[in-house]
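Number of protein chains: 2
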Amino acid sequence: MANNNKNNESSLSVNHGVDQQSSINPERLNRFKGRKSLSLDDYVEGIKNGDRTILSQAITLIESTKAEHRELAQDIIEACLPDTGNSIRIGITGVPGVGKSTFIESLGNHIIEQGNSLAVLAVDPSSTRTKGSILGDKTRMETLANNDHAFIRPSPTGGSLGGVARKTRETIYLCEAAGYDTIFIETVGVGQSETAVHSMVDFFLLLMLAGAGDELQGIKRGIMEMADTIAINKIDEAAEKAVSQAVREYKNALHLYPETKSGWSPKVTTCSALTDKGIVDIWEIIQEYMQLTQENGYFKENRNRQAKHWMYDTITNRLTDHFYDHPAVKKQQQKIEQQVLNGELSSFQAAQQLLELYFDSL
Amino acid sequence: MANNNKNNESSLSVNHGVDQQSSINPERLNRFKGRKSLSLDDYVEGIKNGDRTILSQAITLIESTKAEHRELAQDIIEACLPDTGNSIRIGITGVPGVGKSTFIESLGNHIIEQGNSLAVLAVDPSSTRTKGSILGDKTRMETLANNDHAFIRPSPTGGSLGGVARKTRETIYLCEAAGYDTIFIETVGVGQSETAVHSMVDFFLLLMLAGAGDELQGIKRGIMEMADTIAINKIDEAAEKAVSQAVREYKNALHLYPETKSGWSPKVTTCSALTDKGIVDIWEIIQEYMQLTQENGYFKENRNRQAKHWMYDTITNRLTDHFYDHPAVKKQQQKIEQQVLNGELSSFQAAQQLLELYFDSL
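The listed protein sequences derive, respectively, from chains A and B. Under this note's numbering, the residues of the first sequence are numbered 1 to 362, in order. Under this note's numbering, the residues of the second sequence are numbered 1 to 362, in order.
In case anyone wonders, no lab produced these hints; they're calculated from the structure. Take the hints with a grain of salt, since some may be wrong.
Note that identical chains are pooled: a pair holds if it fits in a single copy or bridges any two copies.
As the list claims (entries may be wrong) - Below are the SDA-like pairs computed for lysine to any residue, each with C-alpha atoms no more than 25 Å apart in a straight line:
#, residue 1, residue 2
1, K335, Q306
2, K335, Y298
3, K66, A328
4, K300, Q333
5, K308, G163
6, K330, Y298
7, K331, Q287
8, K261, A79
9, K308, H326
10, K261, N109
11, K335, S101
12, K331, Y312
13, K267, G159
14, K330, R70
15, K330, F359
16, K241, P258
17, K66, V243
18, K300, G162
19, K308, S199
20, K66, D360
21, K330, S361
22, K241, E295
23, K241, K261
24, K335, R318
25, K331, I88
26, K308, G343
27, K335, R303
28, K48, S87
All values derive from a computational prediction rather than experimental measurement.
In isolation and in its complexed conformation, chain A is listed as follows:
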């Protein structure tokens, strides 16, 4: 017994030392400390100073399911608002396999070399990432992840497209307040996320492959219609003839769409993110677009129209958050939902009961 005790004490003591000195890295300690004690001012000041750890923690508050976290997040965003809006927001989409990560890394590094700073966000409602694959996401973009001028944040997980989109949009604000002048928003190019991303970006880039019809690539015509530029990627892997044919086909396809309100003629270009070929041209196209739309007023007009959309979206979100966070609703929601699933209550009666509980106790 005495011996056992001694061994335990000894090993405990050793483990203790190991945990303190090597397992817990400074960022983890910081996060722990942050959750306990950072004030609103600490967050806002940290973000405005470009502190990436504090920026990450604030985004975690945006993504939290806890009402008090979301409230703090709202206060942080509000305080950051005067410093937002100064970035170029670029949506990047394409089906899995088109090489989005390599492309983002290649274009991202080029942009940073030009003296810019880059935040890479994502909208993917299907994402069920665990802590593990956050790392996975960062590993996919290794050079960017290790670059001081880049900040990579994977898609918020879980919830509806609307919820995921709202969180990403709020994250844009914080990244802008933290000084990132270019924001990439990646999406997966197969579902409805593109419309949500299109409603929060200035420029929408669609990546495609040569030698595969757009039906094979699973890209819907509605997504092509949103594209300000189509870039045919992986041209190092495709025959020259297939590439020029693809360029021709996409140019023809784009000509079928009505003229854009921006006054911009959507471009078709080619690149190899792997060899960096054509990447410089894409950045030039984006800058050309920015110049045109800033000069003709479309840039501002589009942002204001997006803001109107998000105003209504924010109202719906806040109304439903307020409802589902209400103690009277919380107490009965599960029970009433179960009664609906059992066929004991109609959807209508169930909604009515919860709404009465809510409005009666306001």
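Following the hints, position chain B against chain A.
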């Protein structure tokens, strides 16, 4: 002057007579009367007695933008609830040109010949019909429109997909209370409406054409995955070889999808709505499906799951209706939206201002 006055009086008098005696038909007079004087009980009794004019008026209340109309509509629906749920709800989709109207007319007439009664509704958020094209819609299905056992109502116009879907779902309730035992819900087969319709029907039928790849027909794979049966229509116009090839291809495509929760293997069949060929078989397939899913419990389970979905949808709708109907919000909404469009307020600040006005005055 005197002469002018006299002429005016005279022509006024003539016009007056014409308007009263020939332009206003009994239905219009009835509607006018209904809007002025029908009580909740009048509506509910009229609907339960299968009075088509009163049913139409009640649906108009559902579709109204006026808060007091919607409130009355809610009361009518609630009073009708005990008489709802007893129909077979069938979703019918397919791209424009696939022959949906002719198909609905052919299958609808067959169903009515079997002793059933049919309501035909639609979900088409892009619909911008005027009063004129209501008639147009009815003309498309002439024999059904003139059949006492059929009730045709075009898609509610305007607003978001969510709003249009909600109105159609509420219309289903009223049609069921009015005694219609079969409900068709038509949708256009190119956008996101299919998911909404799928969430309110028991059986989902996809119409296709032979000799055109599904990519050409603009049908997304997600829609094919929802189909309980694919019917290849217009086989009178297609070569036999093309038809059998299409059947083979769609069967192969359906086999790629995971097994359905309903225990049903989606079928591929052929028809010509113009010549009525194959229409009887489709009705048999639907009955086979109903028998299977009613026996294995999926029918009820699916409806309860749909009810849960609609419970949450109803809550969101009622919360936002309550918000936008509130006088404090109504008074400021336009002004604040304009400030957002002018770039004077961020989406966030604008939402915040309206939310404060609302919550402060509750």
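Please sort K335 with Q306 into within, between, both or neither, judging by C-alpha distance up to 25 Å.
Cα proximity of K335 and Q306: across copies only (17 Å, versus 38 Å in one copy).
Could you figure out if K66 and D360 sit no more than 25 Å apart (CA to CA) within one copy, between two copies, both or neither?
Both: 24 Å inside a chain and 23 Å across chains, each within 25 Å.
Give the relationship of K300 and G162 under a CA distance limit of 25 Å: within one copy only, between copies only, both, or neither.
For K300 and G162, only the intra-copy Cα distance (24 Å) is at most 25 Å; the inter-copy one is 29 Å.
Between K267 and G159, at a C-alpha cutoff of 25 Å, which is it: within one copy, between copies, both, or neither?
neither (35 Å within a copy, 33 Å between copies)
Regarding K330 and S361, is the shortest C-alpha distance of 25 Å or less found within a copy, between copies, in both, or in neither?
Answer is both: 13 Å inside a copy and 23 Å across each meet the 25 Å cutoff.
Regarding K330 and F359, is the shortest C-alpha distance of 25 Å or less found within a copy, between copies, in both, or in neither?
both (14 Å within a copy, 19 Å between copies)
Please work out whether the CA atoms of K308 and G343 approach to 25 Å or closer within one copy, between two copies, in both situations, or in neither?
between (40 Å within a copy, 10 Å between copies)
Treating 25 Å as the Cα threshold, decide for K331 and Q287: within, between, both or neither.
neither (53 Å within a copy, 42 Å between copies)
How would you classify K241 and P258 at a CA-CA limit of 25 Å: within, between, both, or neither?
This pair counts as neither: shortest intra-copy Cα distance 29 Å, inter-copy 38 Å.
Are the CA atoms of K308 and G163 at most 25 Å apart within a copy, between copies, both, or neither?
Cα proximity of K308 and G163: in one copy and across copies (17 Å, 19 Å).
Please sort K330 with R70 into within, between, both or neither, judging by C-alpha distance up to 25 Å.
within (17 Å within a copy, 27 Å between copies)
Intra- versus inter-copy proximity for Q333 and K300 (alpha-carbon distance at most 25 Å)
So K300 and Q333 pass the 25 Å test across copies only (21 Å; inside, 43 Å).
The structure does not agree with the numbered hints 6, 7, 8, 10, 11, 13, 16, 17, 22, 23 and 25 stated previously, though it agrees with the rest.
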